[in-house]
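Engineer: Each chain is listed here by its residues.
Protein chains: 4
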Amino acid sequence: MKNEIKKVVLAYSGGLDTSIILKWLQDEYKCEVITFTADIGQGEELEPARQKALALGIKEENIFIKDLKDEFVKDYVFPMFRANALYEGEYLLGTSIARPLIAKTQAQIAIQTKADAVSHGATGKGNDQVRFELGYLAFNPNLKIIAPWREWDLNSREKLLAYAQKHGIDISKKKGKSPYSMDANLLHISYEGLVLEDPACFPEDDMWRWTKNPKEAPNESEIIELEFQKGDLIAINEKKLSPAKLLIQLNQLGAKHGIGRLDMVENRYVGMKSRGCYETPGGTILLKAHRTIESITLDREAAHLKDELMPKYANLIYNGYWFSPERLMLQALIDESQKYVNGKVSIELYKGNVIIRGRESANDSLFNTAYCTFEEDEVYNQKDAAGFIKLNALRFIIAGKNGRKF
Amino acid sequence: MKNEIKKVVLAYSGGLDTSIILKWLQDEYKCEVITFTADIGQGEELEPARQKALALGIKEENIFIKDLKDEFVKDYVFPMFRANALYEGEYLLGTSIARPLIAKTQAQIAIQTKADAVSHGATGKGNDQVRFELGYLAFNPNLKIIAPWREWDLNSREKLLAYAQKHGIDISKKKGKSPYSMDANLLHISYEGLVLEDPACFPEDDMWRWTKNPKEAPNESEIIELEFQKGDLIAINEKKLSPAKLLIQLNQLGAKHGIGRLDMVENRYVGMKSRGCYETPGGTILLKAHRTIESITLDREAAHLKDELMPKYANLIYNGYWFSPERLMLQALIDESQKYVNGKVSIELYKGNVIIRGRESANDSLFNTAYCTFEEDEVYNQKDAAGFIKLNALRFIIAGKNGRKF
Amino acid sequence: MKNEIKKVVLAYSGGLDTSIILKWLQDEYKCEVITFTADIGQGEELEPARQKALALGIKEENIFIKDLKDEFVKDYVFPMFRANALYEGEYLLGTSIARPLIAKTQAQIAIQTKADAVSHGATGKGNDQVRFELGYLAFNPNLKIIAPWREWDLNSREKLLAYAQKHGIDISKKKGKSPYSMDANLLHISYEGLVLEDPACFPEDDMWRWTKNPKEAPNESEIIELEFQKGDLIAINEKKLSPAKLLIQLNQLGAKHGIGRLDMVENRYVGMKSRGCYETPGGTILLKAHRTIESITLDREAAHLKDELMPKYANLIYNGYWFSPERLMLQALIDESQKYVNGKVSIELYKGNVIIRGRESANDSLFNTAYCTFEEDEVYNQKDAAGFIKLNALRFIIAGKNGRKF
Amino acid sequence: MKNEIKKVVLAYSGGLDTSIILKWLQDEYKCEVITFTADIGQGEELEPARQKALALGIKEENIFIKDLKDEFVKDYVFPMFRANALYEGEYLLGTSIARPLIAKTQAQIAIQTKADAVSHGATGKGNDQVRFELGYLAFNPNLKIIAPWREWDLNSREKLLAYAQKHGIDISKKKGKSPYSMDANLLHISYEGLVLEDPACFPEDDMWRWTKNPKEAPNESEIIELEFQKGDLIAINEKKLSPAKLLIQLNQLGAKHGIGRLDMVENRYVGMKSRGCYETPGGTILLKAHRTIESITLDREAAHLKDELMPKYANLIYNGYWFSPERLMLQALIDESQKYVNGKVSIELYKGNVIIRGRESANDSLFNTAYCTFEEDEVYNQKDAAGFIKLNALRFIIAGKNGRKF
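Chains as they are written, first to last, in UniProt numbering: chain H, 1 to 406; chain A, 1 to 406; chain L, 1 to 406; chain Y, 1 to 406.
No lab work stands behind these hints, which were simulated from the structure alone. Note that the coordinates shown come from a computational prediction; the quantities given were computed from them, not determined experimentally. Wrong hints could be hidden among the right ones.
When chains are identical, the list treats them as one kind, so a pair holds in a single copy or across two.
[Stated by the list, open to error] Here are the computed lysine-lysine pairs in the DSS-like style, where the Cα-Cα straight-line distance is at most 30 Å: (1) LYS245 with LYS6; (2) LYS339 with LYS230; (3) LYS30 with LYS59; (4) LYS405 with LYS114; (5) LYS401 with LYS339; (6) LYS173 with LYS240; (7) LYS288 with LYS401; (8) LYS383 with LYS159; (9) LYS212 with LYS114; (10) LYS245 with LYS339.
Could you build all of it, start to finish, from the sequences and the hints given here?
Structural biologist: Here it is, written out as structure tokens:
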């Protein structure tokens with residue numbers, strides 16, 4: 001394959017690893033390298049990535065830097081939150097949901113620049129390689145894929161550093177850079193490695209870069225109001241903002257109040273278990289708020305059908321199948337359910353707690369006190385319950401008369 | 001039906017409502033009444049119930065008071081927690097899981113005393129009537145059921161009080177008694193009614209009778225260790241106790257640290273939405289801990305299958321189908337998964353937060369650092385990932401070559 | 001309720017039972033009766049229904065007769081067949097799918113005529129009462145419903161006939177009329193009652209009114225070609241016809257060749273088991289053909305997701321929930337899957353057998369011989385399978401090294 | 001790897017392909033080869049396999065020939081039929097269900113003979129390689145696996161024949177041997193290749209080796225009676241036989257009457273579609289009979305739960321996950337449902353048709369005519385249906401009053 005490739009688009013962060021990959025691609029594949037750096041809210045400046053790419057000999061016109069923050073929140077994060085998606089009951093899928101967008105944009109740049117290959121810096125043991133590559137191939141089945149971590153022999157930190165030094169790549173550690181393996185975007189930060197590799201161990205507090213420790217969060221709670229339209233957040237405290245700006249603000253609120261830390265062992269798609277720590281301050285609030293607004297506006301069976309299908313939907317995202325017929329089918333089902341999910345939720349934030357204070361929907365509330373109090377009402381006749389129970393019990397009555405025991 | 005009934009077993013709490021029912025049954029049905037009072041950890045003394053029953057003319061031998069606490073936790077709460085059951089994503093099913101045990105015991109007393117009917121004090125708009133009656137009929141399809149709230153015309157608080165006074169039933173309010181409609185047992189306390197009938201309103205803090213407000217919980221966190229065997233809790237801080245005692249201790253810990261409050265609008269089985277507040281201090285810790293010990297001991301697909309079936313299982317319990325073929329089938333599936341769910345979880349409790357500090361399993365951990373770090377290992381060859389991805393992507397490649405877009 | 005009702009729309013077939021109901025409504029409710037007779041292909045002339053209604057004193061303008069055949073097939077039968085729906089693995093839902101359309105149209109006539117109630121002739125033990133009434137209420141929650149079979153005391157054949165004779169309703173049996181309880185429409189005929197009430201007994205052959213006995217079907221087989229577009233049948237033997245006409249023709253073909261008889265015991269929604277015989281000649285061919293065209297055009301995971309959700313979808317239709325948020329959600333998912341389900345299926349019909357002879361899709365086939373033969377191809381590298389298997393087996397390898405046995 | 005392997009157990013049929021593999025293993029791996037030949041009812045004598053192995057230099061003590069027919073039917077086929085398993089709505093999984101048993105036995109022989117590797121003759125594009133290898137690894141995670149088709153360069157029929165001739169392996173075609181790629185066992189025969197590679201083409205009739213063409217089946221039908229106990233077939237026409245003998249007899253009956261042919265395009269686990277023809281004469285009768293006996297003995301919700309989970313269960317078997325925690329969990333659920341599935345089914349076989357004539361269960365029938373006829377009975381009060389419908393409709397009524405349309 002090595003001789004066939006003329007041009008490759010690399011998902012380039014500007015960091016040490018992808019800089020080494022950049023150099024390695026030039027050397028091993030003797031091909032033109034195009035760098036693609038996406039801003040999905042990881043909180044780093046992107047101009048240094050441009051400078052580093054130039055320094056490594058990339059032509060100005062081959063450097064692509066894109067701000068994908070709004071697309072990320074509007075077309076990826078929000079649709080996913082309509083489903084109340086959690087992987088294995090806990091993980092808010094912060095990394096998983098960003099990969100398809102990067103892969104899609106990278107594949108589009110490949111088409112635009114007539115590149116014949118794409119490359120990424122994900123390792124051979126993780127989920128991200130799958131998410132990237134399924135995304136590439138869903139967009140362009142003819143793309144060749146170079147996954148250096150699965151190919152090269154730089155399979156230890158020492159070899160990597162040696163390679164970098166040999167090729168004049170700056171290996172000085174950024175001041176304050178985390179020693180953990182991190183992934184960050186507008187929705188979350190994840191941490192892996194080091195002490196986390198022992199699931200019995202608890203990480204030191206300065207691992208967390210975003211959220212306050214609940215113990216150090218303000219003693220005063222804060223009450224906010226979130227407004228939803230068709231299942232999507234549209235305003236915080238009555239202020240309408242773009243999707244990305246809403247999530248940024250929600251992140252600030254959550255981080256301040258110590259909300260959204262998660263420490264879990266999860267099952268990777270490639271077959272092993274791994275430990276990860278995640279902080280998802282805004283997302284944690286958003287999930288709770290979305291469930292709450294659904295609680296008064298969504299039909300019971302619609303809600304239950306969503307709940308039954310949610311684990312499958314979350315698996316698809318975790319495993320990298322965002323661009324797939326089955327995800328689109330599930331999304332059609334979910335979106336169909338959201339048209340009346342309109343209203344406001346009042347929430348109190350306090351030292352890691354997300355406390356619901358109230359929920360209301362001007363036009364779409366299905367809650368009506370009259371129906372559930374024990375006094376008579378026009379819609380519900382208590383005597384009807386006898387027939388309801390009797391017919392639901394009929395199969396037990398028949399079975400019981402037949403001698404069956406449960 | 002009224003003339004046919006000779007003997008009825010009443011689920012009798014000793015409170016005002018079931019005392020009125022007791023009298024009403026005697027008057028309307030002219031039948032012998034047997035009272036059954038269960039101790040499922042509701043935290044009230046049961047002897048007063050005996051005295052009240054005697055005062056209402058019940059014969060000594062017709063008064064049944066049973067301590068069901070151990071059976072409740074061992075055979076109902078723990079099996080349910082093996083499933084990580086949550087109704088509508090949030091509710092830990094504290095009331096739902098207690099009803100079948102009461103119904104079963106009541107039906108057994110009916111058989112033992114040759115009673116031809118059973119009666120309960122649940123209203124005609126709630127879920128409990130269904131849970132009780134499905135339970136009765138699953139055990140004895142020939143039992144007649146008297147549900148006074150669906151029959152009589154005492155359909156307002158005023159009429160009830162008038163009836164009580166007329167028949168010499170004590171209507172003086174117990175000092176400190178909650179004005180809310182409550183249900184309590186070893187797993188939880190629930191609250192309904194009053195201000196909760198407006199879902200936009202937040203209840204005053206003294207509604208909560210069990211858990212500390214997180215704001216008033218200790219400033220010092222507390223670390224505990226829970227040990228599991230085959231998915232069930234067997235020890236706290238290395239001390240083995242009976243199931244009921246374990247849950248009692250876990251409740252104390254949770255309550256002290258402000259853990260387990262929930263305020264939600266839920267969908268009742270009988271068709272309307274209702275607002276409930278719940279406090280489940282021990283259960284909230286238990287759920288998190290159980291998921292955590294599963295995270296290192298349970299196979300991925302076993303875990304995912306459980307997650308996909310959990311909403312259905314939770315619905316069954318919520319709707320009153322504990323004694324049903326389908327619940328037994330799901331339980332068989334769940335129990336089959338738990339044989340390796342052994343190990344310990346370290347947890348920090350702090351102002352409403354349940355923070356996982358570590359998890360370990362001496363013999364049954366499937367977590368192995370070697371498999372997930374990026375260095376080579378004997379079990380996992382990174383190059384295998386290329387084939388894995390390629391074959392999983394094959395259907396996209398074929399579809400893409402056919403011109404399909406996702 | 002009896003005095004409140006001024007005008008009622010009756011689902012009127014013109015037969016004896018609904019004629020008695022018509023009279024009974026006039027007498028008991030002293031209200032104006034509007035008759036609604038739908039042509040959904042039951043194969044009876046509808047003009048006699050008009051004459052009978054007039055004879056029973058219904059005003060000309062209160063008689064509604066509607067041809068719903070095209071709407072029935074296009075908006076009900078075809079969407080359902082996109083899902084390959086079968087209730088309890090066998091039943092093609094012929095009666096179930098017709099009821100919502102009748103209920104909807106009847107509710108619309110009630111709105112149009114300012115009627116305050118609707119009435120139907122379904123018994124109190126069957127599924128149809130549920131299907132009608134859920135349909136009415138989904139369209140107009142304020143409608144009152146009169147279900148005479150649950151109200152009156154004409155609870156035996158003798159009493160009914162006596163009532164009819166007393167009120168001058170013709171009780172002479174139509175020559176050749178089946179002694180079975182039948183329901184017929186463009187999709188099927190069903191039979192209940194008589195010898196069928198013993199599930200160990202086999203009905204005599206002249207019970208079946210539509211399909212040939214396979215033993216008497218032609219000795220010569222017949223080959224037909226069905227063409228699909230977006231999952232719907234659009235042509236038979238290259239001839240494009242309206243949905244209703246396509247189904248009529250397919251019925252003729254199926255009936256001639258002894259196709260589509262089914263004899264089963266099913267579980268009714270109201271709690272008991274019942275025996276039914278069904279003949280669905282065209283539908284039986286259509287289901288097989290639709291699965292076949294999907295087999296070459298539908299993505300694997302899309303197909304599997306449909307299969308997993310099909311039983312729930314079929315239950316919804318069987319139980320009367322066609323007009324429900326959950327059915328609409330599932331329909332959105334199913335319809336999303338059908339956009340590439342285009343192509344032709346060749347089928348041989350022979351004495352009860354539906355034999356697939358071939359399938360092709362000009363533009364949307366995902367089948368490619370090159371991919372599945374054992375010789376090399378450009379898309380599939382056999383060595384990739386090793387990695388695919390290895391990673392899928394990883395959890396077994398890890399578990400096995402840990403000492404677990406399966 | 002080549003030098004590390006000392007002893008390999010080969011799944012050896014005695015045919016040309018596995019004979020070539022045998023020789024190739026000896027040459028390439030320079031290791032001792034143990035042959036394992038299983039009798040799972042493929043209908044070939046196994047002694048020739050022994051002779052061929054001896055001729056290829058295999059030591060007498062290294063030749064294992066095992067009759068697995070009873071184990072196959074009792075522990076694999078029957079448990080699977082309890083689930084009514086069909087892959088993609090049609091395929092009875094005849095090949096899929098045999099592979100795990102072969103893999104398990106082969107892995108056991110490897111342990112017994114201290115072999116360090118196993119080998120099979122499945123190609124790199126099919127499902128069987130996955131089924132074999134997942135089975136091996138579930139039993140012994142340390143086994144090395146040699147899959148010659150993925151390794152060698154004999155990737156065309158010509159090269160294979162040349163290799164055979166060069167090494168003195170008999171390449172003369174057995175008289176009457178099918179030109180199709182076949183797999184046969186007690187449950188089915190499958191066909192692939194040749195004209196089947198064009199899904200628009202119909203195979204010539206002499207491809208089918210087992211079942212009569214329905215057109216040539218007897219003009220006289222035949223009525224048989226099948227008896228079930230706990231969901232398993234135990235007798236045909238009142239004669240109790242071993243599981244294997246029952247299936248053999250059912251196959252004879254089905255084959256004679258032209259029952260069980262299937263021609264389909266299916267989705268392989270490795271990602272592509274493939275065309276297969278299957279004949280499953282006994283299995284086709286058995287599936288229909290099992291559903292029928294369930295129809296009168298199984299609770300409704302138990303049946304529906306099984307139906308909803310069946311596609312997942314069938315996928316697991318098709319994909320090779322028989323030995324997996326998730327299959328065992330589903331099996332526990334299914335087996336729990338079968339304890340009352342006892343009784344007899346009368347079936348008429350006629351030219352490809354399996355016609356149910358009756359079903360009965362002496363002690364476990366839940367069918368009772370009294371419950372479904374329209375006359376009054378003691379168990380069912382028709383008026384109860386009104387309450388049942390009203391409460392089930394409540395969410396529509398509330399939504400409708402809120403202005404929602406469905």
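Engineer: Determine for every hint whether it applies to the structure shown.
Structural biologist: Okay, the hints, checked on the actual structure:
1. LYS245 with LYS6: neither (40 Å within a copy, 58 Å between copies)
2. LYS339 with LYS230: Answer is both: 5 Å inside a copy and 26 Å across each meet the 30 Å cutoff.
3. LYS30 with LYS59: So LYS30 and LYS59 pass the 30 Å test inside one copy only (15 Å; across, 54 Å).
4. LYS405 with LYS114: Cα proximity of LYS405 and LYS114: across copies only (19 Å, versus 70 Å in one copy).
5. LYS401 with LYS339: between (47 Å within a copy, 17 Å between copies)
6. LYS173 with LYS240: neither (40 Å within a copy, 50 Å between copies)
7. LYS288 with LYS401: The answer is between: 28 Å across copies meets 30 Å, while 46 Å in one copy does not.
8. LYS383 with LYS159: So LYS383 and LYS159 pass the 30 Å test across copies only (19 Å; inside, 78 Å).
9. LYS212 with LYS114: Classified as neither: same-chain Cα gap 46 Å, cross-chain 58 Å, threshold 30 Å.
10. LYS245 with LYS339: within (23 Å within a copy, 36 Å between copies)
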